[in-house]
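If you read the protein sequences in the order shown, they are chains C and P.
Residue 898 in my numbering sits at position 378 of the first sequence, and the numbers go up by one each step.
Residue 332 in my numbering sits at position 119 of the second sequence, and the numbers go up by one each step.
No lab work stands behind these hints, which were simulated from the structure alone.
Beta carbons are placed, not taken as given, at the ideal position from N, Cα and C, and that holds for glycine.
Take these hints with a grain of salt, some might be off.
[Claimed, not checked] Interface residues of chain P toward chain C, partial, derived using beta-carbon atoms under 10 Å:
(1) 243
(2) 247
(3) 295
(4) 299
(5) 418
(6) 419
(7) 446
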Amino acid sequence: MNDTILSVLIFTALALAALGAVKRIGLWRQGRADATSMSVGELIASLAKVPRRYGVDLHHVVARDRYMANTHVATGGGFVAAALLMVVVYGFGIDSAWLGVLLLLASGAMFGGALFVRRRRLDPPARLSRGPWMRLPKSLLVFSASLFVMSLSLVLPEGVGGMISGGILGLVLVAGIAWGLLEMIVGMTGGGSRITGPTKHAFAGALHLAFHRRPARFSTRDSAGIRDSALLPLDLTNPEAPLGVGKPSDFNWRQLLGFDACVQCGRCEAVCPAFAAGQPLNPKKLIQDMVVGMAGGSDAAYAGSPYPGDEPRRAPGQHGGGPQQTIVGASPHARPAAQAVDSDSQTVASGPIQMKAAPGAAGEATDGDKLIHEFKVLVEPETLWACTTCRACVEECPMMIEHVDAIVDMRRHMTLEQGATPGKGVEVLDNLIATDNPGGFALEARLHWAADLDLPRIAELQAAREAARDPRPVEALLWLGDGAFDMRNQRTLRAFVQVLRAARVDFAILGAEERDSGDVARRLGDEATFQSLATRNIATLSKYRFARIITCDPHSFHVLGREYAAFGGDYLVNHHTSYMNELLAAGRLSLDATRLATLGAVTWHDPCYLGRYNGEFEAPRSLLAALGLEVREMQRSGFRSRCCGGGGGAPVTDIPGKQRIPDMRMGDVRETGAEVVAVGCPQCTAMLEGVVAPAGEAEPQVLDLAELMARALVLEASTQGLATSTTQPTDAEVAA
Amino acid sequence: MKADRSSVAQQASAPLEVVSLVSLGQHPVSGRLRRAEQDARALELCLALERQSAPGAVSLSAWHASGSEIALGSEQDQALRGYLGMGLESLTLVTPNAPGAAPLKAVDQPVVDVWPLLVTRLKQAAPQLVVCGGQGETGEGSGLLPHLLAESLGWPLVEGIVAIESCDGAHLTALQALPRGQRRRLRVKLPALVSVDSAAPAARQSAFAQARRGELSTLASGELVHDAQAETFGVAPARKRPKRLKRIKATSARDRFKAAAAKAEGGGGKRLEGVSAEEGAAEILKLLREEGVLR
């Protein structure tokens, strides 16, 4: 009899799960459709990619936490096997001793894994969500234990087996399995209700792997996955095309699916520099908020760490939304809603959350510089502007969720539709529009630091070569970047020019024809200004012949190398560390390591846009090795490097927190005991050099790798004259 | 013409007609056309006024006077759209009745005077309040436009407004900026013209999507007028004027602070209260003679 009950339970659970799945898919399909719809063949082909993407790419991320990876293999693998066998054995009533043994093994493995899940949940780290996730180990244990004992009856002799599966014990076991079915099978999709369980990640996650928006991230049988980190362009030619994401249904459906895949492991939270600095951003909460927005409701059920700071206002339950409601609320310039609806009392129900004016705030003129919110919203704009776009969350996410894409999409809406870029962001964007650089300088001023260096302009060089019928393209075009306006970065540039001259590189610069690459504009959501700069830069570059572009700025490196491709600019771009490494390997540079002997130990700070965005971790380290320096790695280095706080326009939007990101990073440097932190980015240099050491402690020196290289250069007689003229100011300033 | 409008016509339901005059600006470093700094601040004041009043109480329109039509996508068009991006649905281009047909061959650089167009149009539309920047960034940039308009319309002109506090149909209460951060509250009888300088709050960000959606509608009004005087001007690049070195006379920090914080000493001013108009006018005349303005 119990077998019959079990069979009915199993099929009821499966039916409910299927019902929930249809509903869940409906939620995702509220998002924007792809440009071209998917054929059935493509659908099947996508689904067929899941096993490889799961086994190789996803596991590669999960396996960074070995404990959890093994636990998950045992628990998850055991559950899937046990569930399938259970359907065969109890659902269809095909019982055999062999299947019984397999079921025992599967449920046993699951029980073993569940014990480890339970152990971790005894004192869970702060990054893990509580709530239903605390219930999960119990559900896992009860289900696997019940199933294990139940399946014993298949293996043991008839009499003993009957004693187990029948009677009171049998009923208890059936109840245990029913609990598990409810938690694991029905909870996977919610069974048509709004409440889903922790196992939702298995259902949505598998489909997310199949329909991921960035398929290039995944390896295939022929090639490894790439760091597909270029932002996707907006269509600005079509006035009907929406600009960014204002409400949850503006996301592409694949993004919504991705949000739903979140397993709330909090790895993103653990690595997020803004979260650690006490700024109001928590990537995990942000993704959960997007799920709330997609399904409609409030965030009261969220049981993880909230956005830091301002606790009462940011406590769960204070925010909510719906798929058709604006995420960040109306533009700060818009008329307060309470006034607009004066006639029909104060309530406008346009979803589960009512727009409510804050007491006393209505009617007062808002200060355009401050972010003021009178409404209950899904996400506060500060949350979105706190992101440094360092991609640490994306790198750590085992579910391959694209947090940065989502944040930039929402920023695009705020900048392009609402005109609500915060802080100094407006000034930077206005300068970019009016002068093509964020500081509002004249483009000729880009070269003031090089007045004595006589840098060759590519226009003149090419004209001279054409006149001389010299077919050679310029070996390297040096892209100066906006660091050229910054006095600190000018020292780096001078050092790099010295290295280039020592290696007799045939290089040239664009001079006043160079504009900002558009990095900051794009990260601040101003896609229009980015595209304007990009197309004009591409038009300029197309006039000249060069073998490659080299730059000291990882942001320019990323944008020129990765993001211009969508606009027809296809260049070989090298960061200066990679290029110097190449020159060294080719024997074009000779170094005297003894000159740096007094420097002390060095640590390398990986810039986000060089490392995580583009995968260059090796070149700087091999340069430091060639310089004969003692390298002490920070605990967070390589792909786990912590951001300096200078990316994504974060220094200009300047969202307040409890501490500053560069201070934390300099703390990491001090932990290693290194006396020098080697950097390769003008932003990192500025952020880290701005840190004041705690009283009584020596400040580690911040030096660009180009500067270290220039100090160790051994110059040949012919290049001596050129190089010494550039050495003197560098050395004088370093000594000071 | 609604010149003989009586006070009865001031119904509570009639919206307050506000016109913001906007011009083409030019970035001082790059020379690229943009929205003009002060005009944008003027529009910001109008938008703030619209926002703080009851819905429908203020009817705001922005006008740009131009001697010729502006092609879609041109640099001028892009620059004017900077104002639309602040949240306007449309911008009115006030152009002459028959643009292009006038004989322009007499001089190399025909200069079209746009203020007569604005006067004609303002007389027709009869708004209660006109707000503009104090000085343009393109053209002559003499800062005379508000004065010329006020003179031709016979309206009061108030300069250096930083905030419009309230506006009923007949009067305007506004804050005027004085040196050293001082503010003066003024009550101005409408219709009036107010101008805004750099002391006013900064203009909001211009949003790309709103700028793209907004509409530039052309409205022909008045005859094309040439500025014969300006046509005779020779234009040359500006020369940097030598700057007088500042001699610091203060010897102590206290002196320096006092010099920085002290109010400008008025000196010879005279306060007249309760005098007749003739006496007041006589005093003003006397002052103008003393200062050598009138001879």
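Numbered hints the structure breaks, given as an ascending list: 7
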